[in-house]
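Enquirer: Sequence:
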Amino acid sequence: MKKSVLARLGLLSFVCCMALVSELLPTSFLKEMAADFKVPLSQMSLLIGIYAVMSVLAGIPVTRAFSWVNRRTYLIVVCLGFAISNLLIACSPTFTVAFIGRLLAGFTAGAMWAMIASYPIGFLPLQISGRGVAIVLSGVTIGVSVALPLVTSIIQWIGWRFGFLLVGGMFLLLAIIGRIGFVSVQGEFYNAHNNYGLVLKKAGVRWCAFLTFLMVSAHYASYIFVQLIADRVSLSVSLAQAIFGIGALVSIAVIVPLIDRYLWRLALGMVALLIAALSIFIWMSKGCYWGYLGFALWGAAFSPMTSILQTATTSQVDQGKPLANSINATSYDLAIMVASVLGGGALARTGLVGALRLSLLCLGFAFLIIWIKKSYFMKNRADE
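The numbering of the sequence shown is the numbering used here, which starts it at 108 and goes up by one.
Calculated directly from the structure, the hints in this document are not laboratory data.
Honestly, I wouldn't trust all of these hints.
Unchecked claim - Quick list of in silico lysine-lysine cross-link-like pairs, DSSO-like style, CA-CA up to 30 Å: (1) K138 <-> K309; (2) K110 <-> K308; (3) K138 <-> K308; (4) K109 <-> K309.
Unchecked claim - Cβ-Cβ distance ranges computed for the label pairs, FRET-style: (5) V361 <-> G156: 22 to 28 Å; (6) K138 <-> M485: 19 to 25 Å; (7) A172 <-> A360: 36 to 42 Å; (8) Q234 <-> S152: 25 to 31 Å; (9) A114 <-> Y330: 29 to 35 Å; (10) G451 <-> K138: 31 to 37 Å; (11) A360 <-> Q234: 27 to 33 Å; (12) W390 <-> I261: 35 to 41 Å.
Glycine included, each C-beta is placed from N, C-alpha and C at the ideal position.
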């Protein structure tokens, strides 16, 4: 892969990284924001929920309406949307204004995640398209593992408003750089030959969306209790998250060169690693060394999840890849919302172990589906 192509993929990866930071930044400063706006913490937490709701609602309609737009122009507008929303929150005098900013941010995120995985497929040869998707979506892992902790530590000294100002400024810079750095890829018109009805007729698209729902539900139904899991294996939350991040970063290096040839095997391995990690937390919780291994395996399983599932999804269709991508992204966002409810319910009724076992049940179904539906992970692949 040429250095110029890698640089363009790296720029797209950085967009994903900053989008992740934009999404999760309020979680680190809800108390400070609530104090500044003089509202209850429960009301302040609405900034988290509304973001997820808008992401779910925006993905498919926006993709349908603007599928014809050049991908470079589309992503520049997305970056401007992120910039405006974060700057609005940074300068917001009241909670209402900040809430409007998060509405716009969530809408923008839904529009971005619905197309970003199909973007590199538009300018890369088929035989390395999976590698390109993996590089772009590695920005999510880098955002969780490196960028968010770094930005959070800086903002703790300066104030939460500066954090949103910094993120907004970075997106504004990305929009400017994108005029040259984003590759021009013509969109596809939504018509009788390219529409959601035709895409959803593909069984592979439906199965991949269901797998995404199962995998993301399993992950998030457990990750929302990361503090309790860390306590169970005698680790601090910060150390557990650091180990998780290391596992995720190592996984990127392994996945990128292999994803185009061994997609099915990597999918099975991803599920197996997460099953092993959660099994450690349930049955081998005595001693921190098992905790180290569990969080490392968890990070290694989480990192390639989006890349593998999006690559599998877009390989099911020759035309309408952005539409297939948006279906998968919507399934991802919906799973996060459902996992929060189911995980909380399982914790209240059966405790932490019950919540982890619920995740294991989802993973068992996912492993079985991937094993049986091997052909959906082999289409146009070198290991077919």
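Enquirer: Sort out which numbered hints this structure fails and list those numbers smallest first.
Expert: When the structure is compared with the hints, numbers 1, 2, 3, 4, 5, 6, 8, 10 and 11 turn out to be violated.
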